[in-house]
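Asker: In terms of my numbering, the numbers along the sequence shown are unbroken and rise by one, the last being 212.
Treat the hints as calculated values from the structure; they're not laboratory data.
Check each hint, because a few of them may be wrong.
Here are the in silico distance ranges between beta carbons for each label pair [what the hints assert, rightly or not]: (1) Ala91 to Pro36: 17 to 25 angstroms; (2) Asn136 to Gln92: 17 to 25 angstroms; (3) Lys32 to Gly94: 31 to 39 angstroms.
The calculated lysine-lysine pairs, modelled on DSSO-like cross-linking and capped at a C-alpha distance of 30 angstroms, are [said to hold, decoys possible]: (4) Lys87 to Lys186; (5) Lys186 to Lys210; (6) Lys32 to Lys47; (7) Lys35 to Lys47; (8) Lys103 to Lys40.
Just so it is clear, the structure is predicted and the values come from calculations on it, not from any experiment.
Beta carbons: idealized from backbone N, C-alpha and C, even for Gly.
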Amino acid sequence: MRALTYLIAVFLWVTGITSCFPQQLMDTLQLKVRKPELRKELLAMLKRDQQIRTDFINRMTDFFSLDSARFVSIFDSVDTMNTARMKQIIAQYGWPGTSLVGKDGAEAAFSLVEHADRDTAFQIRCLALVQQAYANGEASGEQLAMLTDRIRVNQGRPQVYGNSITISPGGTFVVDPIEDEANVDKRRAELGLLPLSEYLEALKEALNLKKK
Numbered sequence: 001m002r003a004l005t006y007l008i009a010v011f012l013w014v015t016g017i018t019s020c021f022p023q024q025l026m027d028t029l030q031l032k033v034r035k036p037e038l039r040k041e042l043l044a045m046l047k048r049d050q051q052i053r054t055d056f057i058n059r060m061t062d063f064f065s066l067d068s069a070r071f072v073s074i075f076d077s078v079d080t081m082n083t084a085r086m087k088q089i090i091a092q093y094g095w096p097g098t099s100l101v102g103k104d105g106a107e108a109a110f111s112l113v114e115h116a117d118r119d120t121a122f123q124i125r126c127l128a129l130v131q132q133a134y135a136n137g138e139a140s141g142e143q144l145a146m147l148t149d150r151i152r153v154n155q156g157r158p159q160v161y162g163n164s165i166t167i168s169p170g171g172t173f174v175v176d177p178i179e180d181e182a183n184v185d186k187r188r189a190e191l192g193l194l195p196l197s198e199y200l201e202a203l204k205e206a207l208n209l210k211k212k
């Protein structure tokens with residue numbers, strides 16, 4: 001169930017970013033990408049990925065009464081297919097950063113890799129690529145932090161940046177354990193992220209949650 005709630009948070013993050021720009025402006029910003037056809041493919045993959053998650057959210061009147069198992073099965077099928085294709089893309093091009101596929105294409109690639117939870121080894125390989133891409137201005141600090149935390153939580157380890165939460169019945173949540181929590185805001189600031197308290201407040205409002 002925790003993984004499913006995390007997918008909703010990622011869905012809101014991705015759609016919130018891409019929907020705030022008029023399509024004409026987005027198209028203009030992508031004119032100079034090196035691989036426009038790859039960008040189109042990544043956006044199409046993300047659209048399919050988000051379509052099933054949108055369907056889940058639209059049907060969600062009560063998160064814990066919904067037949068989530070059926071949706072998880074659908075998620076797994078689409079995610080497995082997308083993961084296989086992302087492996088091919090990365091093998092051919094390396095990490096699809098902003099100069100290769102544009103800002104929205106790079107965000108799509110990141111989201112697809114984030115959803116590859118069935119293949120943690122692949123996510124770990126991608127994390128090294130995202131770290132290098134961030135150093136080169138080809139990926140965002142938010143992407144680096146989110147993938148770092150996602151991998152750690154999936155491995156049963158404390159997260160680093162505080163992006164992962166566990167939602168309980170009744171709509172309450174707790175932040176998953178954080179390594180060296182006293183310095184989490186310092187680490188977040190180094191990547192250009194909001195303080196943890198502000199991030200959690202935004203998450204509460206987006207998902208209509210209550211903090212334990």
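Asker: Under the criterion that the straight-line Cα-Cα distance not exceed 30 angstroms, is the pair Lys103, Lys40 satisfied?
Answerer: holds (12 angstroms)
Asker: Within 30 angstroms, alpha carbon to alpha carbon, are Lys87 and Lys186?
Answerer: violated (33 angstroms)
Asker: Is the distance from the Cβ of Asn136 to the Cβ of Gln92 consistent with 17 to 25 angstroms?
Answerer: Holds, since Asn136 and Gln92 (Cβ atoms, about 19 angstroms apart) stay within the stated range.
Asker: Is it true that the C-beta distance of Lys32 to Gly94 lies inside 31 to 39 angstroms, as the hint says?
Answerer: At roughly 19 angstroms between Cβ atoms, Gly94 and Lys32 fall outside 31 to 39 angstroms, so the hint is violated.
Asker: Are the Cα positions of Lys35 and Lys47 separated by 30 angstroms at most?
Answerer: Holds, at roughly 18 angstroms.
Asker: Range first: 17 to 25 angstroms. Now tell me if the beta carbons of Ala91 and Pro36 are that far apart.
Answerer: holds (20 angstroms)
Asker: Compare the distance between the alpha carbons of Lys32 and Lys47 with 30 angstroms, and conclude whether the hinted pair is satisfied.
Answerer: holds (22 angstroms)
Asker: So if I understand the rule, the pair passes when the alpha-carbon distance is 30 angstroms or less; does Lys186 with Lys210 pass?
Answerer: Status holds; Cα separation ~25 angstroms.
Of the hints listed earlier, those the structure fails to meet are numbers 3, 4, in rising order.
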